[in-house]
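**Student:** Sequence:
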Amino acid sequence: MTGFRDRARREIAEEHRSAALLPIMRKLVADSRAMLARGPADARDRAAAARADAVDRLEELQRRLREQLALRGVGYHRAATAAEAVDIVRRLLGDARRVAKSKSMVAEEIGLTHALREAGIDVLETDIGEYIVDLEGRGPSHITAPAVHLNRARIRDLLARAGAPLETDDPVVLSQHIRDVVGRYFQDCDAAITGANTAIASSGRFAIVENEGNVALGVSHPRKHIIVTGLEKVVADEAGALAILQVLAPSATAQPLTAFTHILGSPPPGQERHVVVVDNGRSRILADPRYRDVLRCIRCGACMNACPVYRAVSGLAYGSPYMGPIGAVISPLLWPRGGQADLPFASTLCGACTEACPVGIPLHRMLLDLRADAVERGAVAGRAERAAWKAWAAAFSLPTGARAAAAMARLGLRGGGRLVRPLAARGADPRLLPEPAEPHDPALLAAAGPDRSERPVIAPEEVLPPTPVERFRLRAGQLGVGFPAAAPASALELSAAAAVASTGSVLLTGAPVDRRALLAAPAVALRVDPATVVEYPAGLEPYLGADDALILTGPSRTADIEKVIVRGIHGSQEYAVLLEPPIA
4 MTGFRDRARR EIAEEHRSAA LLPIMRKLVA DSRAMLARGP ADARDRAAAA
54 RADAVDRLEE LQRRLREQLA LRGVGYHRAA TAAEAVDIVR RLLGDARRVA
104 KSKSMVAEEI GLTHALREAG IDVLETDIGE YIVDLEGRGP SHITAPAVHL
154 NRARIRDLLA RAGAPLETDD PVVLSQHIRD VVGRYFQDCD AAITGANTAI
204 ASSGRFAIVE NEGNVALGVS HPRKHIIVTG LEKVVADEAG ALAILQVLAP
254 SATAQPLTAF THILGSPPPG QERHVVVVDN GRSRILADPR YRDVLRCIRC
304 GACMNACPVY RAVSGLAYGS PYMGPIGAVI SPLLWPRGGQ ADLPFASTLC
354 GACTEACPVG IPLHRMLLDL RADAVERGAV AGRAERAAWK AWAAAFSLPT
404 GARAAAAMAR LGLRGGGRLV RPLAARGADP RLLPEPAEPH DPALLAAAGP
454 DRSERPVIAP EEVLPPTPVE RFRLRAGQLG VGFPAAAPAS ALELSAAAAV
504 ASTGSVLLTG APVDRRALLA APAVALRVDP ATVVEYPAGL EPYLGADDAL
554 ILTGPSRTAD IEKVIVRGIH GSQEYAVLLE PPIA
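For the sequence shown, the residue numbers in the numbering used here are 4 to 587.
Calculated from the structure, these hints are not laboratory results.
Bear in mind the structure is a predicted one, so any value in this text is a computation, not a measurement.
Heads up, some of the hints might be wrong.
Result set (EDC-like, lysine to aspartate or glutamate): computed pairs, CA atoms no more than 20 Å apart in a straight line [said to hold, decoys possible]:
#, residue 1, residue 2
1, K227, D90
2, K227, E275
3, K227, D550
4, K566, E139
5, K393, D376
6, K393, D372
7, K566, E275
8, K227, D191
9, K227, D125
10, K566, D125
11, K227, E14
12, K566, D193
13, K566, D34
14, K30, E358
15, K227, D193
16, K227, D372
17, K393, E379
18, K30, E565
Per label pair, the in silico range of CB-to-CB distance [said to hold, decoys possible]:
#, residue 1, residue 2, range
19, L401, G140, 51 to 61 Å
20, Q190, P545, 37 to 47 Å
21, A122, R226, 32 to 42 Å
22, A387, G341, 20 to 30 Å
Idealized CB from N, CA, C, for every residue including glycine.
All chains should be built: construct the whole structure from the sequences, respecting the hints.
**Tutor:** Here is the structure:
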C-alpha cells in the first residue's frame, strides 16, 4: 500500500488543490468560531458530556435502543465486521434493484456502495458532493464537503464525461443539474440508505442532519429505508441529541443548524425501516483507555478544517475514508493491520485539532500515543531515523546543548537551508523551509500563553434585538425567510410547534411533518406562536413530541462546489413565517 508521504507528494503537485482548500478552510475556521459564539457559553461542555456519557454506557444504551426500536417496528441489526454489515444490508434489500444512498461515513468505511454494485444493484449517490466524487472515483476528501478538492472546471468535465455536457461551469447550473438527476431517480427507486448523526436510546428515534433534502426524500419516498450507523452514535436521550446538534453544524459548516434536522420516529405507513449498527473494531477501541474517547467524535470535520497538514495535502492523501487529524487517529485503530500506521505522523502536533474539537477529544495526545505504538511495533522508523532522534534527544537534554543546537540550525538555514527544497517547488509550496527567525528569550514567552476560555462574543457591529421573537425574526430573515402579513397564495401552510431565536429555526411535529408535501410545495408558510420561541436549540426538548419531528432552518441549500451557496435544492426556495398572534 502506498504510504502517506507518497500520496501527499502527489496531491501537493496538484497546485489547484491547495489553492482551493487554503482560503476555504481558513474562512471556515473563523466563521465556525463566530457561529459557536452565538450559542450558549456551555454548548461545547454539554455536547462533550453527552458524548462522554454515551461512551461510558455504550452497551447499556444499545440494549435500550434495541428495545425501543422493537416497539416502533424498526428492525435492529448489529454487525461485528464490515463484511457482515454489507451482508446484512444486501439481505435487507431483498429484491430491491434501485437504491438511493445519502451521505454516510460508516457506509464509506465498509465499502457499501461498491459492494452493492458488485452484486448487481444500481446505487445512486444522492448528496451532490458524493455524486461528484463518485464520478471521479477516488472517494471523498472531507467528511462534510466531499468534493472540496475539485474546482468547478474539473466538476464540469466529470459531468461531461458522464454524458452531461453543460455549457457553463457556474456552480448553480452544476448543482441544479445533479439535483434534477437525483430527483428523477427518487421517482422510481426501491430503497434508500442513509446514515444517522445520533440514535436516541430513550425513545428509539434518530437525528439526521442535512442541507439538500435528499435525506428527506429517502426517509419518505421509497418503500424501504435502511439506516447504517456506527456503534458509538447512540446517546441517552433527546437532551443529549440536542446538545450535539447545537455544536454540530456550527463546527462543521459554520451554520446555526442545517436546513433540515430530522428526528425520525416510527416509519411512515407502507414503509419498512431497519438500522444496521456497525462495530468494525469500535468495541476494541472502547476497551483501550488511551483511545476510547475518540468514540465521542460527531464527524463535524472541525479538526481537519483547522489542521495545517490537511490544508496542505487534502483528504485524499490519507488513503482512508476518514481524513485529517480524526482520520490519523481512528484509521490505525479501525485497521491496525491495514497499512495506516504512518498516519499519526501526518501532524505538526500544533494542537489546533484538539482546540477545534467541539466534544473535547484530546487528538494531539492520541497522535503521540499512536506514534509510540507504531515505533514499538517496528511499523515505522528505521535505524537511521532512530539514531537521528537519539542524537536530537542528547543535544536538547541540557540547556547548553539546546542553545548550541539552535544556533547551529540557524546558521545551517542561512547558509544552505533554502537550497533544501522539493524539485520544481512553487512559491506557495507548503514544504518550503521558512526564513530563520531571530532567537527569542524563553523567559519572555512564559507569561504569553493565550487565554483559552470560551466566552460568547457578539461582533461589535451586531446589536441584537431585546426579545427572543425579534431575535428569531432577525436570524430567520438572514436565512432568506420572509415575514409577510398573510401567507402567499400558493403556499403550503403548516403550524409550528416551536421556533428558535438564535438560529432562526422552526420545529414541526405530528401531522405537519409530511416530507412529501413539504418537498413538493412551491412555497411554505409556517405559523409560529411567539410564546413558543426558545432561545437555543436545547430549549426545544419539551416541544419535540414522541414521534417524528423536523427542524427547518431556512430553505434547502448546497455549498458542495467551491463552497458557493446554492439555495432551493430539493424543496421550495420560498419560506415565510406568520407570527400568530402578531407582535406589536
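**Student:** For every hint, state whether the structure bears it out.
**Tutor:** Cross-check of the supplied hints:
1. For the proposed pair K227 and D90, the alpha carbon gap of about 17 Å is at most 20 Å, so the pair holds.
2. Proximity of K227 to E275 is assessed by CA-CA distance (about 5 Å); at most 20 Å being required, the pair is judged to hold.
3. A threshold of 20 Å between alpha carbons decides the hint, and for K227 with D550 the separation of about 19 Å falls inside it, so the pair holds.
4. Annotation: proposed proximity of K566 to E139 holds, straight-line Cα distance about 18 Å (limit 20 Å).
5. Between K393 and D376 the alpha-carbon distance is near 18 Å, which keeps this suggested pair within the 20 Å criterion.
6. For the proposed pair K393 and D372, the alpha carbon gap of about 18 Å is at most 20 Å, so the pair holds.
7. At roughly 36 Å between alpha-carbon atoms, K566 and E275 are farther apart than 20 Å, so this suggested pair is violated.
8. Taking the CA atoms of K227 and D191, the gap is near 13 Å; set against the 20 Å cutoff, the hint holds.
9. Distance check on the hinted pair: K227 and D125 sit about 15 Å apart at the alpha-carbon level, within 20 Å; holds.
10. A threshold of 20 Å between alpha carbons decides the hint, and for K566 with D125 the separation of about 29 Å lies outside it, so the pair is violated.
11. Annotation: proposed proximity of K227 to E14 is violated, straight-line Cα distance about 40 Å (limit 20 Å).
12. Our distance criterion of 20 Å between C-alpha atoms is broken by K566 and D193, whose separation comes to about 32 Å.
13. With a C-alpha separation of about 13 Å, the suggested pair K566 and D34 falls inside the 20 Å cut-off, and the hint holds.
14. A hinted pair counts as satisfied when its Cα atoms are at most 20 Å apart, and K30 with E358 qualifies at roughly 16 Å.
15. Among the hinted pairs, K227 with D193 is consistent with the structure: their alpha-carbon atoms are about 7 Å apart, no more than 20 Å.
16. The straight-line distance between the Cα atoms of K227 and D372 is roughly 43 Å, outside the 20 Å bound, and the hint therefore fails.
17. Restraint check: the Cα-Cα separation between K393 and E379 comes to about 15 Å, which is no more than 20 Å; the hinted pair holds.
18. Proximity of K30 to E565 is assessed by CA-CA distance (about 13 Å); at most 20 Å being required, the pair is judged to hold.
19. One distance hint, 51 to 61 Å for the beta-carbon pair L401 and G140, holds here, with the actual separation near 54 Å.
20. Roughly 38 Å separates the CB atoms of Q190 and P545, a value that falls within the hinted 37 to 47 Å.
21. In this structure the supplied range 32 to 42 Å is violated for A122 paired with R226, their Cβ-Cβ distance being about 19 Å.
22. Between A387 and G341 the CB atoms are about 26 Å apart, so this pair conforms to the stated range of 20 to 30 Å.
Hint compliance for this structure: hints 7, 10, 11, 12, 16 and 21 are broken, all remaining hints hold.
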